[in-house]
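Colleague: Here's the letter readout for the chains.
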Amino acid sequence: MATIVGSVMTSHVPSIGNAIAKHRENDPYWKPFFDGYPPVRAWLDRVKPDVAVVFYQDHGLNFFLDKMPTFAVGAAPEYRNADEGWGIPTVKPVKGDPALSWHIIESLVADEFDITMCQEMKVDHALTLPLALMWPGGGDWPVRVVPITMNHVQHPLPSPKRSYRLGESVGRAIASWKEDVRVLVMGTGGLSHQLDGQRAGFINKPFDLMCMDALVDDPKKLTRYSALDLVREAGAQGTELMAWMAARAALPGRVTKVHSHYHVPISNTAGGLLALQNDGAALARAA
Amino acid sequence: MKGYNEAFQDIPGTVVFDATQSRLGYHLNQFCMSLMKADNRAAFKAGERAYLERWPMTEEQRQAVLDRDYNRMIALGGNIYFLAKIGATDGFSFQNLASKMTGVPEDEYKAMMVAGGRPIEGNRSKTGKAK
Ligand SMILES: [Fe+2]
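Taken in sequence, the protein lines are chains C and Y. Under this note's numbering, the first residue of the first sequence is numbered 1, with each subsequent residue one higher. Under this note's numbering, the first residue of the second sequence is numbered 1, with each subsequent residue one higher.
Don't read these hints as lab results, they were simulated from the structure. Cβ coordinates follow ideal geometry from the N, Cα and C atoms, glycine included. Hints may contain errors.
[To be verified] Quick list of simulated restraints, FRET-style, between CB atoms: (1) C:Glu179 to Y:Ala130: 43 to 51 Å; (2) Y:Ser125 to C:Lys67: 43 to 51 Å; (3) C:Asp35 to Y:Arg54: 43 to 51 Å.
Please model the complete structure; the sequences and the hints are all you need to start from.
Modeller: Dropping the structure here:
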């Protein structure tokens with residue numbers, strides 16, 4: 001049976017891609033951000049996931065306003081990145097795990113989540129940059145991926161509560177998968193930021209830190225917020241917090257915090273990182 | 001149920017990208033999407049007005065693009081994720097666009113971010129009703 005090793009949630013700001021491409025990890029501006037990652041990389045080296053199931057929003061590379069699914073699951077053998085028109089370098093393709101993707105799709109639909117199924121899908125910086133942060137160096141990716149996108153572009157957005165339930169359902173699907181694979185669940189985006197209008201540059205550190213704490217011990221508490229609340233409290237693009245909530249919800253039992261890190265700013269955004277170990281899986285391994 | 005657009009009116013300095021905005025800006029955002037191809041970026045830079053004529057936008061929207069007036073583009077239905085492709089075509093970062101939208105020099109904007117960003121105090125609610 002499949003095992004969920006834990007969850008990693010991280011910001012995915014596009015300028016991280018340029019910083020990596022230009023080797024700026026040790027520049028004074030970037031070092032306080034990149035310094036958050038080594039402890040999580042060391043943990044990943046120990047738990048060695050085979051597959052990453054990644055919750056994120058597509059920012060217009062694969063989906064546009066012509067067809068905008070609220071939730072979509074990729075089921076492709078390979079996912080390619082492409083020119084996003086944002087001046088960030090493209091990265092190498094990522095392998096998929098179509099059998100696990102279809103199992104998750106079947107479980108979600110049985111659970112009454114009417115998701116969109118995609119046998120072809122481009123993946124944008126919201127999937128590729130978190131992989132590059134976890135597994136730097138430009139070698140082959142050590143994981144296959146199952147991308148799960150959430151609409152944070154076009155309102156009405158799904159609610160935080162619905163996003164959380166989606167994560168719970170994905171967690172149940174993974175736990176019932178017959179293959180003996182080790183699965184990491186990732187949620188990418190956020191934390192507080194606003195890119196547009198006169199409120200651009202908005203950051204809400206107390207709210208971010210409260211959320212990062214709640215995600216460890218009391219994640220359901222965050223489901224009382226509406227999408228409107230998140231726009232107000234976390235910024236117009238801070239709604240990406242919902243991807244963190246879904247990734248956390250996939251871990252049903254007790255968790256141990258592996259590492260957390262918070263740094264303002266990366267570009268216009270509060271950079272957050274949280275890694276949680278699934279205690280159930282850790283116990284099973286020790287036995 | 002309170003109208004979706006109405007519910008967002010209370011947040012200062014923010015245009016939420018809802019149905020109203022998305023319907024207004026559909027072709028403006030389509031134009032932005034075309035800039036994901038290097039050939040199209042070159043064609044746009046070679047003749048901006050002629051390139052903009054290819055999309056059934058309003059004249060107001062075309063003028064806002066030519067003026068690089070991002071607040072105006074947003075008011076006319078542009079979404080920042082798509083508008084940023086114009087910025088990148090011009091060689092500008094998100095931070096540069098943010099400095100334009102907030103009307104402060106880029107170095108001043110960057111300094112504000114390094115100092116912790118724009119705070120929630122005074123930026124939560126126009127009416128003060130939201131706590
Ligand atoms: Fe994002």
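Colleague: Determine which of the earlier numbered hints do not hold for this structure and return their numbers in increasing order.
Modeller: Hint check: 2 fails alone, others pass.
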